[in-house]
Amino acid sequence: MELRPAEVTSILEKEIEKYKGETSMQSIGTVLSVGDGVARVYGLDDCVMNELLEFPNGVRGVALNLEEDNVGCVLLGDATKVKEGDTVRSSGRVISVPTGDQLLGRVVNALGDPIDGKGPLGTTAADLRPIESPAPSVVEREPVKEPMQTGIKAIDAMIPIGRGQRELIIGDRQTGKTALCIDTIINQKTTAGGDPKDPEQMICVYVAVGQKQSTIVDVLRRLELAGAMPYTIIVSASANDEASMQYLACYAGVAMAERFRDEGRHVVIFYDDLYKQALAYRQVMLLLRRPPGREAFPGDVFNLHSRLLERAAKISRDAPKINPRYKKGGGSITALPIVETQEGDVAAYIPTNVISITDGQIFLESALFNAGIKPAVNAGISVSRVGGAAQIPAMKKISGGLRLGLASYRALAAFAQFGSDLDKATQQELTRGERLTEVLKQGQYVPMPVEQQILIIYVANAGHLDDVPAKRVTEVEKAYLRAMAEQHPEVAEGIKKTKNVSDSERAAMDKVIAAVKVQLNTKAKG
Amino acid sequence: MIVDAVTARWAGALYGLAQKQGALAAVVADVRRIAVEAARPELRRVLLNPRLDVATRRSSLDGALRGAHALTQNFVGLAFDRGREEVLVALGAAFHRRILEEAGEVEGVVETARPMTQTEVDRAAVDFGRVLGQKLLLVNRVVPEIIGGARVIAGNRMLDGSVSGRLDALKRRLLQAPLPG
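Protein sequence lines, in the order shown, are assigned to chains A and B. Each residue of the first sequence is one higher than the last, beginning at 35 in our numbering. Each residue of the second sequence is one higher than the last, beginning at 113 in our numbering.
Rather than coming from a laboratory, the hints here were simulated on the basis of the structure. C-beta atoms are modelled at their ideal positions from N, C-alpha and C, and glycine is treated no differently. Heads up, a few of these hints could be off.
To be verified - Distance ranges between label pairs, derived from CB positions: (1) 255/B x 362/A: 31 to 41 Å; (2) 83/A x 229/B: 40 to 50 Å; (3) 255/A x 243/B: 47 to 57 Å; (4) 99/A x 249/B: 26 to 36 Å.
Construct the entire structure; sequences and hints are all you get.
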């Protein structure tokens, strides 16, 4: 960053002008013990829960355990700089992070400090928000009814996500969980143009918890290449950050998201991942000597996630009349938490907790991923409990029965491997399922606009691809979408505009797919 | 000395009882003797050694308890019987704090860059005591790092009127100040 002396001078002038030489009164304490990123402090009589504490050498901490004769706090910096007997000062404010437009395009840590080398954020004290804040009340919310397009065919068609929904992405390592997040972020540019000032543009917040720094760099690079950073904030608490930072990062991210939501904007936040956050929380709480429960997690590990995910909501248009916190109603926070499973065990402690909190889950399966089916969505146990209401009518009409059909196909396909004779109906189901699977395959970093998804899912679900060899489905799909764009661009435009599909549009799709099939068959024969 | 919650409770009970029975002066004198003994590391090694039996550990305080008031004797006996002999280590500090509390006083340190005269210390005690709402018993400590002004530390409160404190505050504000444009 270029340092301009004139700027520094002007700041100094303002600060000196405003400076009041007041004597400050602070509550102080003494460090009794310090170790493993946790300190016990004697004193600090007026300390409140989650208060930011100032240790010597610029190290900060957060008060988490208020006990009779000491305060247990986690250190948010280099613990080696703190020693027994050091004086600790209370700051008089609970831990807060900067929020606002200045954060867009930036990478910050769990305290909201920029870590991307692009200089200060330029936010003011008025932009600070406490990381813990109450979730919107019942009267401030409204039902989830607007779609949040991910650009991924398998999700938008089978497990639709609405604005304000909490949809869990769950799966083993290396099943494409982070890839789904990146594609969804990129798709927000496809959907609304990518101008962060446009009120229709979704703001994206990606919270990386316990990730490798190389992964975070890769995500950043991918988003920059796709031009998705101008409307995105990355909150990073990587694997080498203190456990306390990893545990707080999710709350910092949602506090930043809430600022936009309260201004009537739509935000989608990704927590990657909550299992690692729970591990960090467990570490901190065990060091603070809170009693361990199942799998040594503290008793409030459910609340750790429920109070975080409850902050995702669709806000009603009348909310500003009820609560002045909302400058404009109608905003939303959609939460897409990720939970990594071990050996596909979705019945483990943390996965079941988060499944029960969220409004559905997208289960990514290693076996499907290894079989080349990407995204590796298991249609059988993936579900969206509220998203159906948020699908656009056109998608709702043409994708009816798709998820159940595909789930049934997977069960049948496993059964058919035994080689027994199959009746015609079963064979038909297998043929359709195989084609649908091919159609729902999608490359990474190429999210598809919803109107195009509708064009291809319609022909696959209506059986137009049943006579196409499974290997050639992708080729036919490409040719068909190209032909539709060239011959009937009005169909996609119409769907985009009306959000519905008419009989004449269906007829056009029927006509074009038939022609494409003939053309490709002729080509193959020739 | 740091007084833990258990010691504060035990000391409070002894203080209350002594006050009720009009034996406060005698008990205070006993507690001061115990505190002097408990400050000796060799005595602490015996007093808090779990490998030694109770009688041996108890006998280490015999000198301090010779001629002590019955309440003090009972207090020490009960502490050993309940396995709370660690309260004896900070008993003196807890008692001292309680006495100050009763008198509405608080001890503190006034830190300055250069030594203060007793008149200055007394004036500082009055001025800062008014801010804290308590009667301050101040001693002066010279800390050249604070550059100028004064810093008062009393109990768990700090009143910072030092130059270094103000510079720190200015530094924090400058770091948070938005860039122009």
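Structure-based check of each hint:
| no. | hint | result |
| --- | --- | --- |
| 1 | 255/B x 362/A: 31 to 41 Å | violated (52 Å) |
| 2 | 83/A x 229/B: 40 to 50 Å | holds (44 Å) |
| 3 | 255/A x 243/B: 47 to 57 Å | holds (55 Å) |
| 4 | 99/A x 249/B: 26 to 36 Å | holds (32 Å) |
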